[in-house]
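Peer 1: Sequence:
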Amino acid sequence: MGIILQSSDNEDFPVSMEVAQQSVLIKNLIDDLGETEEPIPLPNVTGKVLKKIIEYCEHHQFDPPIIKDEYDDVPRRSDDISPWDEQFMKVDQEMLFEILLASNYMDIKPLLDLGCKTVANMIRGKTAEEIRSMFNIIDDFTDEEREQIKRENEWAEAH
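Read in order, the letters of the sequence shown correspond to residues 1 to 159 in the working numbering.
Simulated from the structure, these hints should not be mistaken for lab results.
In silico DSS-like links for lysine-lysine, alpha-carbon gap of 25 Å or less: (1) Lys117 to Lys48; (2) Lys27 to Lys48; (3) Lys90 to Lys51; (4) Lys126 to Lys150.
Cβ-Cβ distance ranges computed for the label pairs, FRET-style: (5) Lys150 to Ile4: 51 to 59 Å; (6) Met134 to Gln87: 17 to 25 Å; (7) Glu154 to Val91: 33 to 41 Å; (8) Ile149 to Arg124: 18 to 26 Å; (9) Gln61 to Glu11: 17 to 25 Å; (10) Glu152 to Pro39: 44 to 52 Å; (11) Lys150 to Asp12: 48 to 56 Å; (12) Asn28 to Glu94: 26 to 34 Å; (13) Leu29 to Asp92: 25 to 33 Å; (14) Glu94 to Asp63: 23 to 31 Å.
Only a predicted model underlies this, so the values are computations on that prediction, with no experimental measurement involved.
Every residue, glycine too, gets a C-beta built ideally from N, C-alpha and C.
With these hints in hand, go ahead and build the complete structure from the sequences.
Peer 2: Spelled out as structure tokens, the structure:
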């Protein structure tokens, strides 16, 4: 049996239980409320983003389950992304950040991790100015504030 997920723009997505339960949020809802034929509303996720998240969950539905304690203690790398995942994350910046927000809201840790690794790889080796430009971040520090930050973080500059 499957369930129906409903996006914030009232789009319905029928999915299998295995796909749906990759989201801890949905798994807990099903555990608490039981299986339902009513759509499960996801007010923080648009249909466009939910469709992308379902694509990810369908691809990974047979991955071995993550043991929470082990997962939290494992040092993370950003260069161990599978080719399918790398291709999956080739989206525009807006979609990337929507996926990050939705995977955090839906509590899909592997997808959240993948999104964070993707952002980490985007900014690796870039200067602060390049990162600001990439993400349209306005530099509103005064010269004095910039100097203070530089002094406080000298340790990070010494390679």
